[in-house]
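Trainee: Last residue of the sequence shown: 101 in UniProt numbering, with the numbers rising by one and none dropped.
Hints are computed from structural coordinates only; laboratory data are not their basis. A few of these clues could be false.
Said to hold, decoys possible - Pair by pair, the computed Cβ-Cβ distance ranges are:
(1) Arg72 with His46: 16 to 22 Å
(2) Ala9 with Tyr35: 28 to 34 Å
(3) Ala45 with Glu86: 34 to 40 Å
(4) Glu5 with Asp36: 21 to 27 Å
(5) Ile74 with Arg8: 17 to 23 Å
What the hints assert, rightly or not - Only pairs whose alpha carbons sit at most 20 Å apart, straight line, appear in this in silico SDA-like list of lysine to any residue:
(6) Lys12 with Thr40
(7) Lys87 with Val61
(8) Lys87 with Ile62
(9) Lys87 with Ser63
(10) Lys87 with Gly73
(11) Lys12 with Arg47
(12) Lys87 with Ile33
(13) Lys87 with Leu41
(14) Lys12 with Val60
(15) Lys87 with Arg72
(16) Lys87 with Gly59
(17) Lys87 with Lys12
(18) Lys12 with Ile74
(19) Lys87 with Gln76
(20) Lys87 with Arg75
(21) Lys87 with Glu10
(22) Lys12 with Thr67
(23) Lys12 with Pro39
(24) Lys12 with Leu48
(25) Lys87 with Leu64
(26) Lys12 with Asn2
(27) Lys12 with Arg72
(28) Lys87 with Thr67
(29) Lys87 with Asp69
(30) Lys12 with Asp43
(31) Lys87 with Ile74
(32) Lys12 with Tyr35
(33) Lys12 with Ser30
(34) Lys12 with Ser80
(35) Lys87 with Val60
(36) Lys87 with Val65
(37) Lys12 with Leu31
(38) Lys12 with Val29
(39) Lys87 with Val32
(40) Lys12 with Leu41
It should be emphasised that the depicted structure is a prediction, and the values quoted were computed from it without experimental measurement. Glycine included, each C-beta is placed from N, C-alpha and C at the ideal position.
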Amino acid sequence: MNVAEFLRAETKILITTNIIGRGLNVHSVSLVINYDMPPTLVDYAHRLSHFGSLGKRSGVVISLVATEDDMRGIRQLEHSYDTIIEKLPERIEKHSYLGSL
C-alpha cells in the first residue's frame, strides 16, 4: 500500500508520519489516530487540519496518551480550544467510531 493508492480510495487505511502528513490534503478522512502526541499545539492542529478533522467536517481523533507530558498536552489543547476532550470508553463499538471501515 502507498499514498497514491490511498488517494485513489483503493485502500481505507493509511499509516503515515508527520513528514508525509504535511503534504497531504485528504478531506474524506473521518478518523485520525495519533500514535504519539504532536510536540506542540501548532503541530497538533497542522496534523489534523489536513484531514478535515478541525474544519467544517466532523471527525473523530483518538490520541494515545502514554506519559504525563502527553496528558499535559491534552489539557493544553482543552484550554486553547475551549473544549473538553473525552476519555475513550473502555468498550468501543465498531460502528461508533469506524463507520463502514
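Trainee: Between Lys87 and Val65, is the straight-line Cα distance small enough, at 20 Å or below?
Mentor: holds, 10 Å
Trainee: Quick one, are Lys12 and Arg72 close enough, alpha carbons at most 20 Å?
Mentor: Distance ~32 Å between Lys12 and Arg72 Cα, so the pair is violated.
Trainee: Are Lys87 and Ile62 close enough, with their CA atoms no more than 20 Å apart?
Mentor: holds, 9 Å
Trainee: Mind checking the alpha carbons of Lys87 and Val60 for me, to see if they're no more than 20 Å apart?
Mentor: Satisfied, since the Cα-Cα distance of roughly 12 Å is no more than 20 Å.
Trainee: Tell me if the straight-line CA distance from Lys12 to Asn2 falls inside 20 Å.
Mentor: holds, 11 Å
Trainee: Would the pair Lys12 and Val60 pass a check requiring their Cα atoms to be no farther apart than 20 Å?
Mentor: holds, 15 Å
Trainee: For the range 17 to 23 Å, tell me whether the beta carbons of Ile74 and Arg8 fit it or not.
Mentor: Given range 17 to 23 Å: violated, Cβ gap about 34 Å.
Trainee: Does Lys87 pair with Gln76 here, judged by a C-alpha cut-off of 20 Å?
Mentor: OK: Lys87 and Gln76 at ~15 Å, within 20 Å.
Trainee: Can the restraint linking Lys12 and Pro39 be considered satisfied, given a maximum Cα separation of 20 Å?
Mentor: violated, 27 Å
Trainee: Can the restraint linking Lys12 and Leu41 be considered satisfied, given a maximum Cα separation of 20 Å?
Mentor: violated, 27 Å
Trainee: Holds or violated: Lys87 and Ser63, Cα atoms, limit 20 Å.
Mentor: holds, 10 Å
Trainee: Tell me if the straight-line CA distance from Lys12 to Asp43 falls inside 20 Å.
Mentor: Roughly 24 Å between the alpha carbons, so the hint for Lys12 and Asp43 is violated.
Checked against the numbered hints above, the structure breaks hints 2, 3, 5, 6, 17, 18, 21, 22, 23, 27, 30, 34, 40 and satisfies the rest.
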